[in-house]
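Peer 1: Turn these sequences into a full structure, and let the hints guide you.
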Amino acid sequence: MVKALVHVTLKPDVLDPQGKAIQRAATSLGYDAVRGVRQGKLFEIELDVRDEEQARKLVTELSSKLLANPVIESFDIVRIATSPSP
Amino acid sequence: MLAVVQFPGSNDDRDMRFALKGVLGAETELVWHKRSELSSGTTAVVCPGGFSYGDYLRCGAMAKFSPIMAAVRRFAEAGGPVLGVCNGFQVLCEAELLPGVLVRNHHLHFVCDFVHVRVERAAPPFTSRARAGDVLRLPIKHGEGAYFAEAEVLARLERNGQVLVRYCEADGTPTAAANPNGSLAGVAGVTNEAGNVFGLMPHPEHAVEAAIGGVDGLAILGSLVDAVRGARGRR
Chain A
1 MVKALVHVTL
11 KPDVLDPQGK
21 AIQRAATSLG
31 YDAVRGVRQG
41 KLFEIELDVR
51 DEEQARKLVT
61 ELSSKLLANP
71 VIESFDIVRI
81 ATSPSP
Chain B
1 MLAVVQFPGS
11 NDDRDMRFAL
21 KGVLGAETEL
31 VWHKRSELSS
41 GTTAVVCPGG
51 FSYGDYLRCG
61 AMAKFSPIMA
71 AVRRFAEAGG
81 PVLGVCNGFQ
91 VLCEAELLPG
101 VLVRNHHLHF
111 VCDFVHVRVE
121 RAAPPFTSRA
131 RAGDVLRLPI
141 KHGEGAYFAE
151 AEVLARLERN
161 GQVLVRYCEA
171 DGTPTAAANP
181 NGSLAGVAGV
191 TNEAGNVFGL
201 MPHPEHAVEA
211 AIGGVDGLAI
221 LGSLVDAVRG
231 ARGRR
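In the order they appear, the protein sequences are chains A and B.
Letter by letter, the first sequence follows residues 1 to 86 in this note's numbering.
Letter by letter, the second sequence follows residues 1 to 235 in this note's numbering.
Computed beta-carbon distance windows for the label pairs:
#1 A:38 with B:112: 22 to 30 Å
#2 B:11 with A:44: 27 to 35 Å
#3 A:31 with B:78: 52 to 60 Å
#4 B:150 with A:35: 23 to 31 Å
#5 A:33 with B:155: 37 to 45 Å
#6 B:40 with A:19: 43 to 51 Å
#7 B:160 with A:56: 33 to 41 Å
#8 B:175 with A:19: 25 to 33 Å
#9 A:19 with B:27: 46 to 54 Å
#10 B:27 with A:36: 49 to 57 Å
Distance condition first, Cα-Cα at most 30 Å in a straight line; then the derived DSBU-like pairs of lysine-lysine:
#11 A:41 with A:3
#12 B:34 with A:41
#13 A:11 with B:141
#14 A:11 with B:64
#15 B:34 with B:21
These aren't lab readings, by the way, just hints derived from the structure by calculation.
All C-beta atoms in this analysis are idealised placements derived from N, C-alpha and C, irrespective of residue type, glycine included.
Peer 2: This is the structure in structure tokens:
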């Protein structure tokens, strides 16, 4: 089994009101050093594939077709790792 | 026959049928999303408001994989009129039948209110009952209604007259204060390039009777019904 970790974020030019609200909350807690927060999504995907190369190809397709909307979001495959069979 | 698509989580489907059938007298059927074909003789398709698939992943993102959407796509590509309201607008954007996307309201609040929109272009099949510059008073109720498109896409939409309705003051002036959700350029509704697919966040089906909410929604739904009747007459 191969496990993939995909990070989806709003593109830099898309306003992220949730991130802004989280930043304000951090400031109100006294964390003045927090200058910016962007909220994204993290997907953990388990794959029954031959190898990590096939996993990367599949996850790239899946991310652009489903996990991210290319109009507003970009994605980053954070990690692809083979996990020992149960 | 107008088709109102029912996704799991749609909740304005029956109100839409009431507006089209009960008020405007047009033959209308509810079409379950698992169907792979529209009924023969379908003259228009409406994707209604609601929370299809619980807004999982992104609003409208899951609905585009419903079996009926392949048929809706074929219908739209053949030039058939397709209207999306609120969640239906989100679905049509995610399905790439309309440009752009709807994102979280800039103030993060769910808005439930009446707004004014200016009709930017009066033309069949969606705004033939209005005149350009007319102001409609319609309800909105959404948390993810801020229209976003890349700058060059937005410029193209403006150039082509694809921005069909825009948030405005009661006198028709588009102002930042009249924009309820942070939509770019105050866009409340857009069409595709061909003009036969239209999505908007305000709810015309909730403004069809004087006793509740006014009748301004008929300017849009009535136009669609007129277009459908005209099409039938020509055959």
